[in-house]
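With the hints as constraints, model all of the structure from the sequences given.
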Amino acid sequence: MSTPKLTIKDLHVAIEEKEILKGVDLEINGGEIHAIMGPNGTGKSTLASALMGHPKYEVTKGSVILDGEDVLEMEVDERARAGLFLAMQYPSEIPGVTNSDFLRSAVNAKRGEGNEISIMKFIKQLDKKMAKLGMDESFAERYLNEGFSGGEKKRNEILQMMMLEPRIAILDEIDSGLDIDALKVVAESVNSMKSPEMGVLIITHYQRLLNYIQPDFVHVIMNGRIVKSGGPELAEKLEAEGYDWVKEELGIEDETVESKA
Amino acid sequence: MSVDTEQLFDRQTVTQLSQSQQEPEWMLEFRLKALEAASRLRLPKLEKTNITRWNFTSFPAYQPEEAVKSAKDLPEHLQSLLSGEADDNLIVQKNSSPVVQQIDPALKEKGVIFTDLATAVREHPELVKKYFMTKALQPDEHKLAALHAALWSGGAFLYVPRNVEVEAPFQTLFWASGEKAGLLPHLLVMAEDNSSLNVVANYIADENTHAVFNGALEVFVGANARVRVAALHTLNDTTVDVSYRRAEVDKDGHMEWIIGELNEGRTVSDNTTHLRGQGGIALVKSITVGAGEQRGNITSRVHHWGTHTESDIMARGVMKDKAQNILNGITKIEKGASKANGVQAEKVLMLSREARGDANPILLIDENDVKAGHAASVGKIDPIQMYYLMSRGLSRAEAERLIIFGFVGPVLDTIPIESLRERLYGEIERKLKP
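Line order of the protein sequences matches chains A and B.
Take 17 as the starting number for the first sequence in the working numbering and just add one per residue.
Take 60 as the starting number for the second sequence in the working numbering and just add one per residue.
Treat the hints as calculated values from the structure; they're not laboratory data.
Beta carbons are placed, not taken as given, at the ideal position from N, Cα and C, and that holds for glycine.
Mixed in with the good hints there might be a few duds.
[What the hints assert, rightly or not] One side only, chain B facing chain A, incomplete, derived with CB under 10 Å:
| id | residue |
| --- | --- |
| 1 | I443 |
| 2 | Q444 |
| 3 | Y446 |
| 4 | L448 |
| 5 | S450 |
| 6 | R451 |
| 7 | S454 |
| 8 | R455 |
| 9 | E457 |
| 10 | A458 |
| 11 | L461 |
| 12 | F464 |
| 13 | G465 |
| 14 | P469 |
| 15 | L471 |
| 16 | D472 |
Right, here's the structure in full:
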């Protein structure tokens, strides 16, 4: 299979008719890890949600192409089956549906009818990946995210990513609510998946996560646009000096476009 | 519409019905008295469902059918409802007549009686006289109960003596067939002290049959006895279905109801348990799926009379198309029932804009030293939940299916008989199909 390639061009996104993203350009290739950083309320998570097709976000302009296919034409499930994955900041709780039933349905949805995974093989894979993430076996039979702590939900998101092996993985604030040990476990799991078969987009408020997952490219988002891009050294400078110098350099007074979550 | 019952069913019809079942005089008198009451009594008044224009009275009063040799001679779609073991305890009633009856001889030896009710009236009059529509369901409660008392036919009678425990379910199948049919089966269950038993009752109609069901189920749970009754209604959209189910539970008795209301047509379902003795327990698990233009009113009720009694009502309703179902939950703790604990939860999930569902939880408490709790909700499928599931590649239909089964799961998963659970699962799936 060819190396994945996601191309975002001039993407404008509105929520309830308020424009949040005002022209984002970004290209992610297999094997690359990109980090999008920025203060709260600048549109980082909007980018993630719009790419996945969240019903509240409306793309008003621009294009998103994955491996030559128009993502914006696709339904949410088609995007997922095309290889897009979003580890969500606030995953839904689904009562009555066990984690393992859900995961098996998801794996089979990707594999397609007639090519379903055998139960034994599925359980083996699931056990292995849960062990790697330090998740207790009981998580398989618990209802999807119901009553999970913040950290457990994040691990569960990464577990889904590992099971589904996406072509482009977006991690939306995966570090929030994680203690340092959990953060290391999650980072190790992401690092272990690094390959030319997968491109990664990490959205984070803090540089902390990037100590454990080394990005190839770092982008700063303000006012709904990528205003600065660089290598890993950019993240370090942001960690040391904050965002004020970027604002000064670019003459930005108020970097936000939305009310802070 | 006021229905003049006398015009539809006269004394002569009732007398013929009684004679054809070779009933003793006392049963005929009981029927005639009920017939008189039916003409005078009103329909029951149901919360938020108007049933005054429903057909409860236009049906052939008596349609005898020939017995078949064994369950193997039944049509295949009926056999698939039964567990199909050779020693099944089974009664099949087609229209007015029992057409299959079988019981494990080993149980007979232990004193278990399982027969159609008409036979029991002749052979066990003392038990029938004592329990049949005297303590639990009364003929003069309302017009529908009176009609049932006057016109019941076939039915089943189950008696399990003291200390006898029967694992295999007693199965009954009430089957409406032909162009028009009326089925008024009465299922009378007596579990003596320390006994245990399971009953599975199926209610079905042929595809094009216009039927009226007016069924009753009375259960008497002796001290420390355990009874589980599952009633599965899968009637078509041209059938009206009325079910009055009652249980009387003695000291430390255990009553579990599993109710699957999966009709396509109009449904009145009333399920009431009285916890008379100290320490009795009632569990009520009810699932309904409404489709098309179905109308239903489903009531689950528990009365606590004894001290330390416990009850749990779990009702789930899924409504699609233009279906309207009302789920009522009533927990009544009577004065003197100290240390009682009654909880209930009714939840409705709406799949379409035109569907309507109501959950009415009612707690009535006349005693201070008790625990009680209720929860109710009516909601739609959360679009954010759908987004989440679909973002993992599940199609819209598959995501919806997972959410729906997740919704009924807490009730479905606690059904202890696997074959029953699977059948319910299949029936729900069938009803959810577009």
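Hint check:
1. I443: holds (6 Å)
2. Q444: holds (5 Å)
3. Y446: holds (6 Å)
4. L448: Interface hint status for L448 of chain B: holds (7 Å vs cutoff 10 Å).
5. S450: holds (5 Å)
6. R451: holds (4 Å)
7. S454: holds (5 Å)
8. R455: Hint on R455 of chain B: holds, closest Cβ of chain A at ~7 Å, below 10 Å.
9. E457: holds (6 Å)
10. A458: Since chain A brings a Cβ to about 8 Å from A458 of chain B, closer than 10 Å, the hint holds.
11. L461: The hint holds - L461 of chain B has a Cβ within 10 Å of chain A, the shortest such distance being about 5 Å.
12. F464: For F464 of chain B, the interface hint holds, since the closest Cβ of chain A sits about 7 Å away, which is under 10 Å.
13. G465: holds (3 Å)
14. P469: Since the shortest Cβ distance to chain A is 6 Å, the answer is holds.
15. L471: holds (9 Å)
16. D472: Where the cut-off is 10 Å and the nearest Cβ of chain A is about 8 Å from D472 of chain B, the hint holds.
Taken one by one, the earlier hints all hold for this structure without exception.
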